[in-house]
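*Asks:* For the sequence shown, the residue numbers in the numbering used here are 55 to 213.
Do not take every clue at face value.
[To be verified] Calculated lysine to any residue pairs in the SDA-like style (CA-CA distance at most 20 Å, straight line):
1) Lys82 / Val170
2) Lys108 / Thr62
3) Lys108 / Trp85
4) Lys110 / Val170
By construction, these hints were calculated from the structure, which means they are not laboratory data. Predicted model only: the values in this text are computed from it and were never measured.
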Amino acid sequence: GSEEAIRTIERVERIQTDKGNGRLNNAKTVWSNVVKEPVEDLTFGHGFMSWGIKYKRMIDVEWMSMLYYYGIIGLILYTTFFIALICRLVSIRILYFSGNDKIFCAYLACFIIFVVYSISGEMFSYQYLSSLLFLFLGAIEGSIVRKRRLFSLVKMIER
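Required output: the full structure, derived from the provided sequences and hints.
*Replies:* Right under this line is the structure:
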């Protein structure tokens, strides 16, 4: 409601003085808190949206939010997801779409958007954003499966 509108107006006014580095300040604040945490909080985190509840604002840097919300375990899982996307991107290019770049380019564009948003926002804190990512990735994987089945069918017919 009105509290969110007031915070938004205050943030827009602060942009003139801080040149929009609020995300960097948030990340620095989170990091300074994280390094002082007990081992169990550092390992398992504080729970989803705990920063927002405590400080009345978002972290706005996905990597730091993963570390604060879910600890080192969550950050490792998030990094693993990132690495899996990179490996999948490479395998799509090499195995399936060396001659047809449409799906590869779509996957690459999705990955680039994901990388940019992970630096400048919290995709997994906003389910409507992360659900779009997973729907898109699912559509691409469906295209790959369809292409593989078609390829298998053509091979069977050729025999």
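*Asks:* Sort out whether Val170 lies within 20 Å of Lys110, counting only the CA atoms.
*Replies:* Violated, at about 24 Å.
*Asks:* Given the hinted pair Lys108 and Thr62, is their Cα-Cα distance within 20 Å?
*Replies:* 18 Å, holds
*Asks:* Within 20 Å, alpha carbon to alpha carbon, are Lys108 and Trp85?
*Replies:* 15 Å, holds
*Asks:* Check whether the Cα positions of Lys82 and Val170 lie no farther apart than 20 Å.
*Replies:* 19 Å, holds
Hint compliance for this structure: hint 4 alone is broken.
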